[in-house]
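The listed protein sequences derive, respectively, from chains W and C.
Each residue of the first sequence is one higher than the one before, counting from 1 in the numbering used here.
Each residue of the second sequence is one higher than the one before, counting from 1001 in the numbering used here.
Derived from the structure by calculation, the hints contain no laboratory data.
Note that CB positions come from ideal geometry on N, CA and C, so glycine has one too.
Any given hint might turn out to be false.
Okay, derived cross-link-like pairs now, DMTMM-like style, lysine to aspartate or glutamate, Cα gap no bigger than 25 Å in a straight line [stated by the list, open to error]: (1) Lys1073/C / Glu453/W; (2) Lys1073/C / Asp360/W; (3) Lys1073/C / Glu430/W.
For the chain W half of the interface with chain C, some residues (derived, Cβ under 8 Å), not all of them [stated by the list, open to error]: (4) Thr238; (5) Ala240; (6) Leu370.
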Amino acid sequence: MKAFKNRVFEWLDHRTGIETNIRKFLYEDIPASSGWHQVFGSVAVFLFLVQAFTGILLAFNYAPTPGEAYNSMRYILTEVTAGRLMHGLHHWGASMMIVVVVLHMVQVFLFGSYKKPREATWIAGVVLLLLTLTYGLTGYLLPWDNKAYWGTVVVTQIAAGVPLLGPYLSRLLGSTGDVGVVTFARFYAVHVLLLPPATGLLILAHIVLVRKHGVAPVPGDDQLPSKKFYPRQAFLDTIAVFTAFVILFTLAVVAHLPLERLADPSDTAYIPRPEWYYLFLFQMLKYFSGPMEVFGSVVLPGLAIFLLILIPFIDRTPLVRVSKRVFAMACIVLAGAAWGGLTLAAVKSTPPSGVAASIDYAGPIDWMQLTPAALGRGSDKTAPDFAVAGAKLFTKKGCAACHMVNGVGGKLGPPLNGLSSRRSEEWVQENFIHPQKMAPGTIMPAYPFNETEMRNIIGYLFTIPE
Amino acid sequence: MSELTRRRFYLSFIYGLGGVIGLGLAVPAALYLLLPPKLTRKDDWVAVTPVADLKAGEPTEVIYHQKRTDGWKTLNEKRTTWVVKGQNSQIVAFGPQCTHLGCAYHWEADKSQFLCPCHTSIFALDGKVIAGPAPRPLDRFETKVQNGKLMLGALRESA
């Protein structure tokens, strides 16, 4: 049996060279100092493959046009077996990829592994970082819920504000002041047609370059005998990859990712927030206003990228031990502190969104079609508590005498279906307390609700569908 | 630990953990692709025609509209059925497709039989196969009469 297996492999190897090549790849010489600090590249490649795999599977059930996109996302999340898991893996995989790619760069930076002759490897790495960030940017729009829409509006506006190139960038993004079907199509095409092959080829080039120059040594490595990649370093890489997989899988299962309501360009109350890894840029924009704004949105990030690419050409000192690279460490600490500070400031300055925004539209939402009386009676157990309490209050105060909800109620006041896209929560609250101030001459009486009542009734009113 | 046992230890982890990761991705993928989606909406009964419009002993092609859930879409589809009212007014509604390969068949009034033009399967008024490659009689809808209207339910595959 064993002899037969060997003969098969031998036959295959003579014709394809596959075994020889795998052997050559695995038994590569690596410096004696190699160890845990070099596992991040492998983890990044692994996460990229997981993203490709889960992305293809999601595409099997996804319709890439705005309205349909939302419906098919909802279908994946509510009806397709393991659909929620697949979406979770893709979503958290994207976040983890950013983390791992940055860790990889920090390691390379701290060890000075970008130095001559590895400049091209470093530049390919920087471009890969930018591609990873572009995946996040384009993928953010694809669920076409409110979060996706408003997040992307900000991005296209920034692009439109670029000096001189603005109008052309805008046209390239298919946007004419807002985010529409053309922008959607382009983001989708970039996300699934342009980026994956570009990333694949660049990863390949990156690895070829690493092989060409060898894994970067540390001072003293030339005195010691080199090691083989396989099996010890491959073992370390596997442990790291496995750890990343366990974290990813746990996040996908445990962390609940709500789908917000369908993208609503008329929603004036929505507070857009980008994905966490873009929050620092988002926060930076607040410090630049008027004509200085491009400085924060384009010039500074552009300079930062330029500087990142230039690092191997700026630092041309000979290789020293990590522990002696104090300036490099200071740079990392400083960059980390700046990033952390900006992100924290962005998180802190995010106003709490109303309870209505917490509803997962990929959960049961049939209760939204009920009349206030039926909902207030608690006839649908899937309805959230605030909505039931709000509907009860609505019925108790006799709101239905003037206001129509889901086809039931009076016609003296405006119907309340679709209120969320006409008014902000603050407006409605003010209107309860001082109706005359908000709409002079109105027959609406004042309702000075207490804090809980206010939260419940406004939350409820904002869940009433269009 | 000898060089050989250390090597064996490394290899068992590389292939063991690699296998776990492979399974962790392959099993959800298989479930995702192969299991049917949970249906959150069921297709309801649909009224197709007043019973009074049906002639006894002769099939009528009835065209109606029905909401159907297809993936993430709810369609209002134009559909058709061949309805036969018996002499003692029991009603049979046949699925519109030949049981051979799904072509649309029609009623040949002069020969009093259903003919499928694709591979010339022939069915009797009660749906039984008279000739041709059809493997089983015509499929039937669940039916009921409500307020004088014929209602269709699910299509049941004939035995």
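(request) Of all the hints given earlier, name the ones this structure violates by number, lowest first. (result) The structure breaks hints 1, 3, 5, 6; every other hint is satisfied.
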